[in-house]
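Below, each chain spelled out in residue letters.
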Amino acid sequence: MLRSSLAGLCIALCAPASAQDLTVATWGGAYEAAQRQAVFAPFSEATGHTVEAVEYDGTVVALRDRAEAEGWDVIDMLADQARVACAEGLLLRLDAEALTGSAALADFTPHAPTRCAIPQNVYARVMAYDERAFPGIKPTRIEDFFDTARFPGKRAVQHGPDGILEWALLAEGVPPEQVYGLLSTDRGLRLAFRKLETIRDDILWWDDPAQPAQMLAEGRAVMAAGFNGRFFDVAKRGAVPVDIVWDGRIIGTEVWAIPADAGSVLLARSFLTHALQPATMARFSERIPYGPARASAFERIGLNPETGVPMRVHLPNAPQHGGRALVRDAAWYANTRDLRQRRFRSWLDRAE
Amino acid sequence: MQGIILRLRLVRRALNAEYVRMSVGHHSPPARPVIRMVILTATALCVGAAASFAAIAFVELVSMLNSALLVAPRARVQWEALPWLITLATLLVPTLGGLCVGLLHRHLSPERRPLGPPDVIRAVQFHRPLPDTRSGLVSSLTAVVSLGTGASVGQYGPMVYLGALCGGAVRNLRAGVPNLDGIAISCGVAAAIATAFNAPIAGLVFAHEVVLRHYATQAFAPVTVASVTGYVIANVVFERPALFLVDFAGVAHGYEFALFALLGLLVSLAAIGFMRLVLACGPWIARLISHPALRPGAAGLAVGLTALALPDVLGIGTETLRFATIEGAFGQGELVVLILAKILLTALCVGAGFSGGVFSPALLIGSLIGALFWVLVSGAGGIPTSGVAVYAIGAMMAFASAVIGAPLTCILIVFELTRNYDITIAAMVAVVFSNLVSHRLFGRSLFDIQLARRGMDFSRGRDRAHLAALPVRDLLSAEAVTMTPENTPEEIARHLTERGWRQAFVLDAGGKLVGVYSPGEGQHPATLTFEDDTSLADAMERMRGFVGDAVPVVARKDGRYLGAVSEADMVSAWLDHVARIREEENAAL
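From first to last, the protein sequence lines stand for chains A and B.
Residue numbers are given in this note's numbering: position 32 of the first sequence equals residue 31, and the series is strictly consecutive.
Just remember that this note's numbering sits 11 ahead of the position in the second sequence, which is counted from 1.
Any given hint might turn out to be false.
[Stated by the list, open to error] Stretches of chain A that chain B covers, calculated by requiring three or more beta carbons in the stretch to come under 8 Å of a beta carbon on chain B:
| id | stretch |
| --- | --- |
| 1 | 186-199 |
| 2 | 316-326 |
| 3 | 333-341 |
If you're looking for bench data, these hints aren't it; they were derived computationally from the structure.
Built from N, CA and C at the ideal position, the CB exists for glycine as well.
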């Protein structure tokens, strides 16, 4: 690994002295800010190449329309989008072994590198609750999300079938490995909606990922389904005691990829070599609660440089979280979108 | 006359040689104990690893085919936007799979049929080689095709055979270890089960309970090693999860154990019906469709047609098995229809010659019956229970145990699959009651009945089965004296004294037995004759009260005299066999 990263650095360093720019397409916001500090700046420092970040919406459409015109060299994507883009030939094939060294391949978790994409960090859809609502017994399992008798109050849920159907089956006692198999059958969907029906009157729907945390903070909901980073932010910023239940977390993967028509492929490769090192991943995870995609990076994760919060415990894939974890099946998600939307709509309309 | 005697003698010699080879196997002289230990351990490790890899490859291949051919729900749902494609695949995949299986058996397999646990049991029990390797490989291939294309058959039978195939390769080593052939096969079987279920204890017990049928240390130790090897490969190398994790807090009410027993009794009746249907379906389809290669295709079409309305019948049904443990996943009527459909289709597929076992379908049918029982008891009966899961799992194992005749294995499989002690205790009750009834009313297992129909009956013990498989024809004595009505009494008397016999057998011109002649008493009809298919076991029983040197053996179809078997030879053959079994069952190394 060391040798190949040195090789990567050498390629970068041996490039012409007139510092060439690298264009990275990414998500913007706090996420990009963390990337700047943890990934881009150290790369520029080491190689002398500046990194320019371009914000995009994460879709394949954007990649198709903008990548060539804007000269994207590296792109930060969701694993399922990368899968689609790869199949369409929009991404360069990557040799993960050459980029990270052969020993590192087994270090990637929960997903190994694929043909065109190498995992960089993971996020999770989790359940969070307002501590103030449950002074006594607190929810600890995904079953509690559906248990309005023991834990009364409104639940903030995304207005759509994503995530909640998985939880419904987990709450029926289905082990994570079988959730997507069962959801693939008509019977499984019926069971999931039956479970959802039990909390129908207690659901507050949200569309913007910022809303669930907000609803908790404002006391409109007592439990919420949302993304772990958002809940972390709310808890960090305000004095809102929001706690995350890690049981039933649905883990998604964020990957690095190189567009097929990238201008500076060599430089892009050396950037990936740098970005995929455990130390880089750990620096990133210290700034924003997205877990590293390599197991060995966990050992390096310490305090958030601004707030001094120990970050390891806030990462979705931290080894110390017990409970069930479900790894999002990107291909299944992409191919069943219509069906799930349709079933979700018809369930919603059945409301009296 | 002399010519005939000479020819008979040659035949007898050949038969005797065959008998000796069969009864003691082709053993070289026993090696030193240390060497034997090393060989046994090495065999266990190699066979265990090979069987385990084979089982994993098998499962992976099947699951790849299931995804590629739109059999698995997870694959089907992703093409949901094209309903005609799903319909077409549902109809065509099992049909073409069946045709493919039929043609492969017809043209590539010398045995022309799928092989399974009964063939393994036969090989191990009678120290014979497995059917030829080519048939075995074709059978494994057709099993992959059968399961991959969604036929309603099980995967564990073929995996057991695949494991046995790995062990069978050891037979050709003349290593100087007695019983090595059977032990090696059992090692393969144990490792395959240990890998497939992620259940090493169940693998070990299955190999003993179903295949070896004794618990000698010589076999127990290597089979354990092989089983653990399979487990290590499945768990440490490939990290396969436990198959059937269930959350279960414990049995809530004491009276539920009575319900489990009742469930076991009911399930066994269903299992008996299922097994009878499986046995009856083969001949029925054979009468219906004369061309053997077309039969699986027809059964496949039946599966496809049913699956259009009831997709749960397609393939192994992992999802359906899980649904059975969830309350309210099925309606009452739905359960009844599904149980009947699965029973009929499995019998049809197995009978039609799809390559595959009956264990996984048995698990599925059993769990659905358990769910139905629970619906009736808790819904209609209004009795408070501790949830559907324990009933589904108890019935699942009770059904499977009746079919494979292995209660201990089934109890341990529950334990290792669910890793839950309370469920195991509950399932145990259902399992034994089911076994009790099915053993009494049907037989020990489907395998044993299938073997019994091929003339190998284990219902009265291993020793009896061994003796029953040994025809007295193989023990014909070369020295027996025959005469024709033309021979003078003096000639006969001289012959008899020369050979030390007191009786001669009188044959007519066509070689038919006419009677028995002894000097002093003259000629009288034979008091006892054996036929060419009389077994040693029958012979020993018919010998009660018999007085004389030897019993003549005649051809059943035309009464032609074949030779005579002396009482002494029969007794020594019997002693040899009993001694051999005793040695095998008590061998330490």
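Going down the list of hints, with the structure as the test:
Closer than 8 Å: that is the beta-carbon criterion, and the stretch 186-199 of chain A has 4 residues meeting it against chain B, so the requirement of 3 holds. Look at the stretch 316-326 of chain A against chain B: 0 of its residues bring a Cβ nearer than 8 Å to a Cβ of that chain, fewer than three, so the hint is violated. With a cut-off of 8 Å between beta carbons, the stretch 333-341 of chain A has 4 residues touching chain B; three or more are needed, and the interface restraint holds.
When each numbered hint is compared with the structure, a violation occurs for hint 2 only.
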